[in-house]
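Could you slot chain S onto chain R? The hints should help.
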Amino acid sequence: MKSLKLSAPTLLLLPAIIVLAAVIVLPLLFSLYSSFTPFRLTKPETIWVLIGFRNYVTALTSYEFWTAFGRTVLLLTIALNAEMMLGLGLAMLVNKATHGQRLLRTLMMFPMMFSPVLVGFQFKFLFNDNVGFINNALQSLGLATNAIPWLIDGNLALFSIIVAEIWSSTSVFAILILAGLLAMPQEPIEAARVDGCTPWQTFRFVTWPYLMPFAFIAMTIRSLDVARAYDIVKIMTDGGPAKRTELLWTLIGRTAYSDGRMGFANAMAYISILLSILFTVYFFRKLAAARQQIGAEW
Amino acid sequence: MDLNTSHRFKRRALKFAHLVGLFLAMLVICLPGLWIVLSSLRPTVEIMAKPPVWIPQELSFDAYRAMFGGAGQGGIPVIDYFRNSLIISITSTIIALVVGTAGGYAFARYKFKGKSGIFLGFMLTRAVPGIALSLPLFMIFARLGIIDTHFAMILVYVALNVPFTIWLIDGFFRQVPKDLAEAAQIDGCTLWQAFWQVEFPLAGPGIASAGIFAFLTSWNEYALASQITRSVNSKTLPVGLLDYTSEFTIDWRGMCALAVVMIIPALTLTFIIQKHLVSGLTFGAVKG
Chain R
1 MKSLKLSAPT
11 LLLLPAIIVL
21 AAVIVLPLLF
31 SLYSSFTPFR
41 LTKPETIWVL
51 IGFRNYVTAL
61 TSYEFWTAFG
71 RTVLLLTIAL
81 NAEMMLGLGL
91 AMLVNKATHG
101 QRLLRTLMMF
111 PMMFSPVLVG
121 FQFKFLFNDN
131 VGFINNALQS
141 LGLATNAIPW
151 LIDGNLALFS
161 IIVAEIWSST
171 SVFAILILAG
181 LLAMPQEPIE
191 AARVDGCTPW
201 QTFRFVTWPY
211 LMPFAFIAMT
221 IRSLDVARAY
231 DIVKIMTDGG
241 PAKRTELLWT
251 LIGRTAYSDG
261 RMGFANAMAY
271 ISILLSILFT
281 VYFFRKLAAA
291 RQQIGAEW
Chain S
1 MDLNTSHRFK
11 RRALKFAHLV
21 GLFLAMLVIC
31 LPGLWIVLSS
41 LRPTVEIMAK
51 PPVWIPQELS
61 FDAYRAMFGG
71 AGQGGIPVID
81 YFRNSLIISI
91 TSTIIALVVG
101 TAGGYAFARY
111 KFKGKSGIFL
121 GFMLTRAVPG
131 IALSLPLFMI
141 FARLGIIDTH
151 FAMILVYVAL
161 NVPFTIWLID
171 GFFRQVPKDL
181 AEAAQIDGCT
191 LWQAFWQVEF
201 PLAGPGIASA
211 GIFAFLTSWN
221 EYALASQITR
231 SVNSKTLPVG
241 LLDYTSEFTI
251 DWRGMCALAV
261 VMIIPALTLT
271 FIIQKHLVSG
281 LTFGAVKG
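Protein chains in written order, with full-length UniProt numbering: chain R, 1 to 298; chain S, 1 to 288.
Pulled out of the complex, with its shape left as it was, chain R reads as follows (with noise of 0.2 Å):
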């Protein structure tokens, strides 16, 4: 009888439990169980055949699936380093401005309202070879003699979408490290500079072990959704010029949609969201230790 009557937490929690499991958990149940499948769209009856782990050998041993891996690591590595570096500088910037902070905060969110979407149209206009604004600017400026082929150069292209990438994701770095800034006490960093520290040891040894989980809070942030990519590179390149900007993303999604190679695309899929999860568990790991450290209750 006693099992019967829920405590009021798991009442409480069950909606999003209900609502999470049908919509996400059992959907990727669902799609582990047809990566075991030579399952494609125009065949429904290969759902019901079962190859083993054939489907993730031919992923594990295929040339593309491992450039775009390579790829989608080399970009994200690349992305969030800058990100992180850039926005600690804005915030900093932003911080030791003397007049009109809270119209640099709220020019400073700007780009978090651009939906990837936008970003992607955005800099595929900007990078334009034939009318985009850079290549105007280029030759107005005398800086370039001929148009760039930003986006159909495969290194350009690259370069193009990490840059949209940068733009779009460096102000969530910048806002919760200026939080971090302004919540911070400012006794330490006058005992410091009594002390006799230098602006760098004061930096390094008071204030960044203080912005540490504001720093972690962002990339947890970041890294529930380092998949936006897609949306950017889907517009600006769609995995092109001849594959060289193809991501493990946009790979996942032309071979379902495009081939109907659906067990293949779930085989690739499920190391993808493998990899989300790792990342993402790491930085959560960090966030509660940085937590703990400042002595904050969880």
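Rather than coming from a laboratory, the hints here were simulated on the basis of the structure.
Ideal Cβ placement from N, Cα and C applies to all residues, glycine included.
Any given hint could turn out to be false.
Among the chain S residues that face chain R by a calculated CB cut under 10 Å, a handful are [claimed, not checked]: (1) F16; (2) H18; (3) G33; (4) W35; (5) M48; (6) F164; (7) A266.
Chain S in isolation, oriented as in the chain R frame:
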């Protein structure tokens, strides 16, 4: 004296460098958006001009007029997309808020087994890349026959928004002291009254900003919408934006105008919540 002047000079130089840096940073942040707005107001001839025309000769709202003036402009039904976006975003936000408030309250007020594990589990559902989630959802929804309906999109967006809503609302409830509800109960309120009349109003602004955040997520989402919506029945604005690129000649002005239409609600709403959003995300990181 010499040391003094050099010191003063250095200080001035630093201040100047700071201003220049700040200006450049803000320029990079604002320029792309302003360029879009400007381009949406210029005639296509001017956008395509070679050599580029830097100073706009004539500005007009023609692009907007064409967009909302019926099915002209390449037959892109922007009004339908706009309506779909509104219906889907608002409904899913309301449901996500109700579910999220319940969940957030549970996390903020109760101690139970596996609390941080469940919280992490919720967050992990958010970490699944949209495109990866779209594969099974596409197969299941096609089976159930609810593909290309508002219902399917609302369902998906509720699930997408619940984890983050819980995170935010949890933070806001933690900022409301526990004693208040206890005092209300001692004064004769029921548990529900104490929640509804004391704690809820105090956490209200925070919950509202969680709602706006959820709305924006739904408003901007693309990866899932692009697969689950098929036609005018349920296509949202971000998917509709692509209608302009699928043609051989890209209508830059039309796209810019649609981009402006998409960004205006997002812009307004984000300004309203900016303060609460940051405090909600950073709860506990500031005070012990």
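- Message: Just to be careful: measuring from the Cβ of S/F16 to every Cβ in chain R, is the smallest value less than 10 Å?
- Response: violated, 13 Å
Measuring from the C-beta of S/H18 to each C-beta in chain R, is the shortest one below 10 Å?
holds, 6 Å
Agreement of hint S/G33 with chain R interface, Cβ distance less than 10 Å: holds, 6 Å
| task | Answer holds if the nearest beta-carbon of chain R is closer than 10 Å to that of S/F164; otherwise answer violated. | result | Given a least distance of 8 Å, the restraint on S/F164 holds.
- Grab the minimum C-beta distance from S/A266 to chain R and call the hint holds if it beats 10 Å, violated otherwise. holds, 4 Å
query = Minimum Cβ distance from S/W35 to chain R below 10 Å?
reply = holds, 6 Å
For this session: Let me know if the C-beta of S/M48 comes in closer than 10 Å to any C-beta of chain R, holds or violated.
Result: holds, 6 Å
Of the hints listed earlier, the one the structure fails to meet is number 1.
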